[in-house]
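Heads up: the protein sequence lines correspond to chains A and B, in order. Be aware that the first sequence starts at 1, since it is given in our numbering, and climbs by one per residue. Be aware that the second sequence starts at 1, since it is given in our numbering, and climbs by one per residue.
Be a bit skeptical, because a hint or two may be false.
SDA-like, lysine to any residue: derived pairs with alpha carbons at most 20 Å apart [what the hints assert, rightly or not]:
#1 A/K72 <-> A/R175
#2 B/K22 <-> A/T253
#3 B/K57 <-> A/D212
#4 B/K57 <-> A/G158
#5 B/K22 <-> A/E148
#6 B/K57 <-> A/P209
#7 B/K49 <-> A/L290
#8 B/K49 <-> A/L281
#9 B/K22 <-> A/A288
#10 B/K57 <-> A/T270
#11 B/K57 <-> A/L290
#12 B/K57 <-> A/R175
#13 B/K57 <-> A/R210
#14 B/K57 <-> A/K72
#15 B/K49 <-> A/A288
#16 B/K49 <-> A/V149
#17 B/K49 <-> A/A285
#18 B/K57 <-> A/F145
#19 B/K49 <-> A/R49
#20 B/K49 <-> A/E148
#21 B/K57 <-> A/R167
#22 B/K49 <-> A/R171
#23 B/K57 <-> A/R171
Since the hints were derived computationally from the structure, they do not count as laboratory data.
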Amino acid sequence: MDLFEDEPPAASGNQPEFTVSELSGAVKRVIEGEFGLVRVRGEVGRVSRPASGHLYLDLKDDRSVLAGIIWKGRAQLLSTRPEEGMEVVATGRLTTFPGQSKYQMIIEDIAPAGVGALMAMLEKRRVALAAEGLFDAARKRPLPFLPEVIGVVTSPSGAVIRDILHRLRDRFPRRVLVWPVAVQGNACAPEVARAIAGFNALAPGGAIPRPDLVIVARGGGSVEDLWGFNEEIVVRAAAASAIPLISAVGHETDTTLIDFAADRRAPTPTAAAELAVPVRLDLVAGVADLGARAGRALAQGLGQRQTRLRDLGRVLPRAEALLDPARQRLDALDGRLPLALRAVTAVKRVALADMALRPGLLRRALTGERERLAGLAARLDPALVRLLRDKGEVARTRGARLRLPVLEADLERRRAALDAVVRRLADRAGRAQDQRRARLAALEQVRLTLGYQATLARGYAVVRGDGAVVSGVAAAQAAGALEIQFADGRLAIGGRSAPRKAAREEPPEQGTLL
Amino acid sequence: MSAVDGMSFEEAIRELEAVVGKLERGDVALDESIALYERGAALRARCEKKLAEAEEKVARITLSADGQPTGTTPLDAG
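If we strip away everything but chain B, and leave its shape as in the complex, we get:
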């Protein structure tokens, strides 16, 4: 099992879905079902973290005279 930290939202929610599916089928041993639940909780936390990182940050690329990007500057598009 790969580390939950560093997973993208999509990776985390895909595995979470798989974990929940497994738990709901109910054909896993008790020990395993508890381990699965713990894994699911970690994945859920990861998903929620990624969802919490919903910050709007709009910037505009600044260009040099020959059109090369030099940096960013805040953009207020209104």
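Isolated chain A (complex conformation):
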């Protein structure tokens, strides 16, 4: 550097000229020679995976950025897939890309920078998967009480499978299907994921029996060794498993993400076997105990019933005993009966002997009774006759009172009274009629006197003109025809025979007048 700064003008003259490619090539050689193998620590920036399969990524710190490439063949072998934000140590060499005036790092291997960085990444992934619900308690399935077939995903050789089989044999030998997988390295995660899915894909009753429990197991190791069980595909396969799954990865203190997705986590492979099956001998004893208890319970039930029956039988009296008192009473009475009969007979016999029953006495008594009977019979006839007579008398008296003349007289009397009333009624009505007739005649007389007809008889006449009474000369002259009424009739004067008729003939004139 010093050389350039001190003598730039002097150098300009005799410096050889490079073509761009020559210079780029020279730079390339220097860079590749100087940085043939470097380890660089930094944070992974932008990562891109084009279809070519190569992996392009940036490594950066707070001031600088270094472009990096992982060729396809290498990328497939990486144990850790670089992710943005990951703190890593990359191993490789520097080279240039003359076409773009760029330098870049060809990365051969890339690994998380220390356990802290790995754990930070793991935690980030765990949170993301938990947010998806893959670890929810509701997803957990209960383990079968006694699985018939147990599938074990692990390495077919080594202590792990041996421990598991050992413990199973101790507790309850079962059918075990081992699905061999790589338990570390790049192949681990995809193989484990495929094994879990593969067990689930087996059809029940197929050629290969489908396990009813799966154990995913691995022995202890470094965080990097166990890393495959943190991979997302393994976690997803465990969460998706329809068969209950026990994870047993590493030692008790190791935790991998598959533990969160498993239905149960066992601290060690041996513990997984203990979770998987119960102890057979315990069960044998338990079943025997249950059988014995059933027998005892039945026997006890029968015994209780028997005791009860016996107790009740004891309380129930014998049929004989029920009859005994009655029989005893019968016996007692039976003994007393002849004695009592004998005593009664004796008493009666004495009384009979005392009565001195003689024929004379009987005859007298008989005669006495007969006389009393005759006396009563003698009184019977007259009494009957008297009774008949008395009753006849009563009947006759009643019959006499019922005779017809009495009724007729009564009828006559009532008829006369009726006639008198009728007569009186007729009298009174006739009289009132006469009085009304006389009053009418008087009134007629007055009427005749007051009317004009009576005046006609005295020589007056009534003149009518055209039907109306004419009482003056003017009216008489105005009338078309006159009619004079005398006491004995009417006389028409003028051209018309009858004023009534004339009136009928001139309806229009009348109409006009009106």
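Chain B: place on chain A using the hints.
Just chain B now, with coordinates in the frame of chain A:
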């Protein structure tokens, strides 16, 4: 009541426990208690059969080149 044959060990022992519990309470009629006892005996036989089927059989899945299971082969893990 379901058929005892075909029951899993767990189903059988659960019902057996229930049967014994019922018998021990002693509040069932005589006829029923005898029927229960017979059912219990069948369940017990089923449990014992399942317990007798304690055979270890370990096999390893054989895989094709693309990782698909093709069959099983005996495994001697020692």
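- request: List in ascending order the numbers of the hints, as given earlier, that are violated by the structure.
  value: 1, 2, 5, 11, 14, 19
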